[in-house]
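Residue numbers (this note's numbering), protein chains in the order written: chain C, 1 to 303; chain P, 1 to 347; chain U, 1 to 247.
Treat the hints as calculated values from the structure; they're not laboratory data. Watch out, some of these pointers could steer you wrong.
To be verified - Okay, the calculated bits of chain C under chain P, using three or more residues with CB under 8 Å as the criterion:
(1) 98–108
(2) 115–122
(3) 285–292
(4) 295–303
As the list claims (entries may be wrong) - Computed Cβ-Cβ distance ranges for the label pairs, DEER-style:
(5) P:D78 - C:I273: 24 to 32 Å
(6) U:N177 - P:R4: 41 to 49 Å
(7) P:V119 - C:N47: 25 to 33 Å
(8) U:G144 - P:T196: 18 to 26 Å
(9) C:N47 - P:P329: 29 to 37 Å
(10) U:Y123 - C:G87: 54 to 62 Å
(11) U:F140 - C:N47: 33 to 41 Å
(12) U:Y123 - P:D95: 52 to 60 Å
(13) U:K189 - C:S255: 36 to 44 Å
Virtual Cβ for every residue (Gly too), placed ideally from N, Cα, C.
Spelled out, the chains give:
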Amino acid sequence: MEQILGNLSLLFEFPVVNLKIVVDGVMIGALFALAAYGLALVWGVMNVKNLAQGDFVIAGGYVAWWLSGKGMPPLLGVPVAFVVLWGIGWVIYKLVISRVIERDLFTSLLATFGLAIMIAQILNLLFGSDTQSIQLEYDTLYFFDGFVDVPIAKLLGVLMAAVLATCVIIFMKRSRMGQAIRATAQDARAARVLGIDTEKVYAFTFSLNSAICGAAGAIIVMVWVIQPFYGISYSIRAFVIVTAAGLGNLPGVISAGLGIGVLEQYGAHIFGIGYQQAVAVMLLLLVLLVRLLQQRRVRQSLQ
Amino acid sequence: MNARKALLYIIVLAATLAAPFLFPDFRTQLATLWLMIIVALTWDMTGGQMGYNSLGNIFFYGTGMYVAAVIAIGIVYDVGEYTDAAGGGRFEFTDAQYFSGMMLGIIGAGLFCALVAVVIGYLTFGLRGPYFAIGTLGVAIAAGELVSNWDWVGGGQGIALPVYPGDFDTGKLYFYYLFAATGVILFVFLKWLYTTRFGAAINAIRDDEGKAEAMGVHTMRYKLTTWAMAAFFVGVVGGISAFQLIHFEPLETAYQTINLGIFMVVCVLLGGKGTLWGPIVGAVLFHVFKEVTWNYLLGWQWVALGALIVVTVVYFQDGIMGWLIHRKPEWFGIRVEQKNLAVGADE
Amino acid sequence: MTTIIDIHEVSKSFGGVVANEEVSLSVEKGGITGLIGPNGSGKTTLFNSIVGYHPIDHGSIRFEGEEISTLPVQKIARLGLLRTFQQTRIYGAMNCVENMLISMPHRKMSFFDAFGRNGIEDYERADALLDFVGLYEKRFLRSGSLSFGQQKLLEFAMALMNEPTALLLDEPTAGINPTLINGLIDRLKRANTDFGITLFIIEHNMRVIMNMADKIYCLAHGKLLAEGTPEQIQNDQRVVDAYLGAH
Numbered sequence: 001m002e003q004i005l006g007n008l009s010l011l012f013e014f015p016v017v018n019l020k021i022v023v024d025g026v027m028i029g030a031l032f033a034l035a036a037y038g039l040a041l042v043w044g045v046m047n048v049k050n051l052a053q054g055d056f057v058i059a060g061g062y063v064a065w066w067l068s069g070k071g072m073p074p075l076l077g078v079p080v081a082f083v084v085l086w087g088i089g090w091v092i093y094k095l096v097i098s099r100v101i102e103r104d105l106f107t108s109l110l111a112t113f114g115l116a117i118m119i120a121q122i123l124n125l126l127f128g129s130d131t132q133s134i135q136l137e138y139d140t141l142y143f144f145d146g147f148v149d150v151p152i153a154k155l156l157g158v159l160m161a162a163v164l165a166t167c168v169i170i171f172m173k174r175s176r177m178g179q180a181i182r183a184t185a186q187d188a189r190a191a192r193v194l195g196i197d198t199e200k201v202y203a204f205t206f207s208l209n210s211a212i213c214g215a216a217g218a219i220i221v222m223v224w225v226i227q228p229f230y231g232i233s234y235s236i237r238a239f240v241i242v243t244a245a246g247l248g249n250l251p252g253v254i255s256a257g258l259g260i261g262v263l264e265q266y267g268a269h270i271f272g273i274g275y276q277q278a279v280a281v282m283l284l285l286l287v288l289l290v291r292l293l294q295q296r297r298v299r300q301s302l303q
Numbered sequence: 001m002n003a004r005k006a007l008l009y010i011i012v013l014a015a016t017l018a019a020p021f022l023f024p025d026f027r028t029q030l031a032t033l034w035l036m037i038i039v040a041l042t043w044d045m046t047g048g049q050m051g052y053n054s055l056g057n058i059f060f061y062g063t064g065m066y067v068a069a070v071i072a073i074g075i076v077y078d079v080g081e082y083t084d085a086a087g088g089g090r091f092e093f094t095d096a097q098y099f100s101g102m103m104l105g106i107i108g109a110g111l112f113c114a115l116v117a118v119v120i121g122y123l124t125f126g127l128r129g130p131y132f133a134i135g136t137l138g139v140a141i142a143a144g145e146l147v148s149n150w151d152w153v154g155g156g157q158g159i160a161l162p163v164y165p166g167d168f169d170t171g172k173l174y175f176y177y178l179f180a181a182t183g184v185i186l187f188v189f190l191k192w193l194y195t196t197r198f199g200a201a202i203n204a205i206r207d208d209e210g211k212a213e214a215m216g217v218h219t220m221r222y223k224l225t226t227w228a229m230a231a232f233f234v235g236v237v238g239g240i241s242a243f244q245l246i247h248f249e250p251l252e253t254a255y256q257t258i259n260l261g262i263f264m265v266v267c268v269l270l271g272g273k274g275t276l277w278g279p280i281v282g283a284v285l286f287h288v289f290k291e292v293t294w295n296y297l298l299g300w301q302w303v304a305l306g307a308l309i310v311v312t313v314v315y316f317q318d319g320i321m322g323w324l325i326h327r328k329p330e331w332f333g334i335r336v337e338q339k340n341l342a343v344g345a346d347e
Numbered sequence: 001m002t003t004i005i006d007i008h009e010v011s012k013s014f015g016g017v018v019a020n021e022e023v024s025l026s027v028e029k030g031g032i033t034g035l036i037g038p039n040g041s042g043k044t045t046l047f048n049s050i051v052g053y054h055p056i057d058h059g060s061i062r063f064e065g066e067e068i069s070t071l072p073v074q075k076i077a078r079l080g081l082l083r084t085f086q087q088t089r090i091y092g093a094m095n096c097v098e099n100m101l102i103s104m105p106h107r108k109m110s111f112f113d114a115f116g117r118n119g120i121e122d123y124e125r126a127d128a129l130l131d132f133v134g135l136y137e138k139r140f141l142r143s144g145s146l147s148f149g150q151q152k153l154l155e156f157a158m159a160l161m162n163e164p165t166a167l168l169l170d171e172p173t174a175g176i177n178p179t180l181i182n183g184l185i186d187r188l189k190r191a192n193t194d195f196g197i198t199l200f201i202i203e204h205n206m207r208v209i210m211n212m213a214d215k216i217y218c219l220a221h222g223k224l225l226a227e228g229t230p231e232q233i234q235n236d237q238r239v240v241d242a243y244l245g246a247h
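Pulled out of the complex, with its shape left as it was, chain C reads as follows:
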């Protein structure tokens, strides 16, 4: 307990520590937001709640890590992971997801949960259960007498995430496929009647989502660490963000993502690093509770 109070008082004595926490939180939060965007995409278009989201991210990280071990420049890992995970996502869609789309919601949840377990275990068998990361020989920028450190690698990571996100958003707004996706999201039956091949749209959307996750993972392996069983945490965080922000609320997803990143960092600082998972899950429960109470006021339930 004294430990916690000590950590808290540190925040007040040295305000600059807050800045460090916020900066760290924002940088990781940007990647959470990316994963959440993909989750919201698949959810909105196909009504599939993908519990394997985090495992796609970690898989992407391993693709990049493994290739960099073979001599590929790390930054190239991002587009490569994007493409590889696109393929994997497409295969998974055809084999599994396409058969659970029309079913009830628990079915898709459980199917993706099964996939999550499979992916995590396969990664564990292939790469072992140690944490991995790619070391980049970039400098670190120091601010405020060295209290706030911003490794250039992390900054690059956030930049790449932002570029990817921007590309995807422009694609959704301008391209034909983007329009088709949005039409299908609004009303699949109407889209079909008007000649849109919804099957193609679904396959594309799911593959796009796993590609986004893969790229995010490739960025994460450069700036943080990955481990086969970290997937579920990312899935939970993505879910928290989407629940808090709601579908179709892009600024909300971004701010919620950054917010979670910051809150987790605060949690780790105040309570200790062992509590990081717990903080993520508590945030989930908190967000659900808040939405629940909001719904209760209009006598609805959360579904």
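Following the hints, complete the assembly by docking chains P and U onto the known chain C.
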């Protein structure tokens, strides 16, 4: 009940009683089979019968373990001191203390879990569908994380309980009968419950909760009661498991969301949601599958498990019982019956 | 003639859209009251408000003298005020008899009664009501496999099983084969005269509602436009305009 059915039940009961003697090398596996049956049946209570698919029932299992352990230890020693010593021999239990502690612990575990279920039920039952599933999963994960940071109950090391006082094989027999007894009681209870108005009410909640509300059904009452009853039984088997396993850890054993937590769901899906025998059939099949793959698919057993989940969910959504109902509806009372009232035909 | 449902200046908006604006009307006990109006005039919203599906923004709703606008759906249903749905809702996985049995009045069931089994009188009542709507022969079929019209009849029978004092019916003849409508009208009337249930009906089929109702209210654009007996409504130019969209 007709004579043929009664005979079948007697045979099953006899097999249950005789099994550990017929297969003395498999006593632990048989006990685990009963554990699976119990957690499958209880999952089906809220899931298949009532429509609230929880991914966090394992929360009650873990909590049951801890409550039983704390009670059993606490009536003799100071719990904090005991967990600090981490099983370092100073703490002896007499036979009387062992057994009385176990019994009190197990009952206490069940009751505590039932109570907790009612409390969190008020909150979680506003969540439906996937939110309920993820919310319950979140509760289970959070509990595991928080408990592993709580030193009073042993933190990340968990708790080491006293060993069964007596011969090792007899101990296995003893635990088998504890699980089996709980399983038989649960089965009989559910067999009766599903014929009452209560059973019909929870089915109505599953089929269309909004309609049930609009017809004046006390939905909250039924939901909380079902949840509490399921929690009770899961808490009880958690308590028994604590003594059977002797040593348990918070994340790996007690709140094992990825292992037993998901097994219970797969068993029910495999066997058939919403039927009485479905979870049992599914548990048996799954247990056999697991034992076989664990022995022969070293390293790949988890992948096989994940694949089983996916295949079951995608291809066998209604499970074995569902397939049976589809093939032979007459066995289950679905038919068109001619009118036999004196009044002439209408419409 | 007493007023059983008293609606006073009820308003309800969803976001920026005003669904009901200061609607006041009263339903007489024991009679049949109709609610008509073009699509989008706020009829179903009003029904939803009455049965407690959502809170209202302003106004009061009294049932048998008691204020119910703050009560949730279950409580209102247990007071004896039921509704049927536009998209018929039944328990698809159960058979018809089971649907009926679960529709017994729950206000009469204590917590411990739930652990009992349904008695022979319950089955007989269910059978009688299923026969009343003509579903006796199909009573052991899975209700989800019935035709749309049959499901509507089942929903109606379930409502009767619940022994309501008043029943709100949302477009009871919608989607029913015209040759079967007479049978339905007949049953609705008998429910009113034989069982004494007050009916409040939303209808688009003018022939049906003019035939049945003692009094009719007409909504348009969320507001009460006109009220009166069927003859008065039929001759009211404002009502004609509302339906034909005069300028």
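Problem set entry | Structure versus earlier hints - violations, ascending order | 13
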